[in-house]
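Q: Generate coordinates for the entire structure from the input sequences, incorporating the hints supplied.
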Amino acid sequence: MVLLRKVKKAQVETLGLVIIVAIIAFIFVIALIFASRQQPNLNQDYLKLKADNLRSTISKTTICQDTNIRDEIVSCNDLAITQCENINCNELQNIIKKIIDDSLNLTNNYKFEAGNILIKKEPCGNIFTSTSELVPYSDINITLALC
Amino acid sequence: MKKSQVQIQESILVILIITIIIGLALFVFYRFNLASLEKTKLEYEQNQVFTLLATLPNSPELSYTEFSNPQNSLDTLKLLNAKLTNQGFKEIIIKQIYPETSNVICSKENYPDCNSYVIYNNKGNKKNSQILSIPVSLYFPRTQEFKSGLLEIKWYY
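Chains as they are written, first to last, in the numbering used here: chain A, 513 to 659; chain B, -11 to 145.
These are computed hints drawn from the structure, not numbers from a lab. From the three backbone atoms N, C-alpha and C, an ideal C-beta is built for every residue, glycine too. Warning: the hint list may mix true and false statements.
[To be verified] Distance condition first, Cα-Cα at most 16 Å in a straight line; then the derived EDC-like pairs of lysine to aspartate or glutamate:
1) A:572 - B:133
2) A:572 - B:63
3) B:142 - B:33
[Stated by the list, open to error] Selected chain A positions facing chain B (Cβ under 10 Å, derived; list incomplete):
4) 557
5) 561
6) 562
7) 566
8) 567
9) 571
10) 573
11) 575
12) 578
13) 580
14) 615
15) 616
16) 617
[As the list claims (entries may be wrong)] Pairwise CB distance ranges, derived in the manner of DEER restraints:
17) B:-5 - A:553: 56 to 64 Å
18) A:520 - B:18: 40 to 48 Å
19) A:537 - B:39: 33 to 41 Å
A: Here it is, written out as structure tokens:
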């Protein structure tokens, strides 16, 4: 009787050990699956690079002799006029919109903001990446968000 | 039929079935492995193209520098003469998007009345392709103007 009780106890212990090993193995496999999923997100980095470059490109683009879009944004915000004779503030917005539309995929929505200039392609609820630049000697912040 | 013969037949049948099951499992494993390898290869190439997109605009061969300071722009005169090598099966093009100009590939003869600069072209005999692009600023030294462009890398696999 004592021997039978010992055998049963040993069997139960073995079974418990097997269950523990199985649970540890299961947790390990699940952890491996999650670890392999947590790779750096290339899409996020790509969008970030795109947003940074696009904002910088827009600011720098020359639209008339010695005047770039950044200068015109400041002029439109401070004086409501442009330095270029053949462009007004509405046309400036159209130029910025055209550069953004031609640079991004059709699937990308965006929101460009620079003082009182706001250009966006809706819906722009979930912002995936955003980049901003403070214009020197001004309180205007040029912001571009890709959604 | 003797009992032993039946047992041998049973054993042969079992071995056959097990062999078929193992063969099927190996085949499935091989296909899965192959698909996984293809996916890894594609991801690796995508990473490589992404790295190239991030670094190419800052390379001294292409970028516009003022007193050795990089200006985050591509010098279009440098683009005319740039010929990259050993980049694999890719096509690297820089297109001007604003102001819009005629859709012509740039050369020393037609510069600056053109809109795209092909700095690398090796398509090989691959059929599939993917494109990644980023906006870049283009500098025109003759007029000292900056224009908007797009750096496009099309890679073949």
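Q: Does each hint fit the structure? Answer for all of them.
A: Hint check results:
no. : hint                     : in the structure
1   : A:572 - B:133            : holds, 9 Å
2   : A:572 - B:63             : holds, 14 Å
3   : B:142 - B:33             : holds, 11 Å
4   : 557                      : holds, 7 Å
5   : 561                      : holds, 6 Å
6   : 562                      : holds, 5 Å
7   : 566                      : holds, 4 Å
8   : 567                      : holds, 9 Å
9   : 571                      : holds, 9 Å
10  : 573                      : holds, 5 Å
11  : 575                      : holds, 9 Å
12  : 578                      : holds, 8 Å
13  : 580                      : holds, 7 Å
14  : 615                      : holds, 4 Å
15  : 616                      : holds, 8 Å
16  : 617                      : holds, 9 Å
17  : B:-5 - A:553: 56 to 64 Å : holds, 60 Å
18  : A:520 - B:18: 40 to 48 Å : holds, 46 Å
19  : A:537 - B:39: 33 to 41 Å : holds, 38 Å
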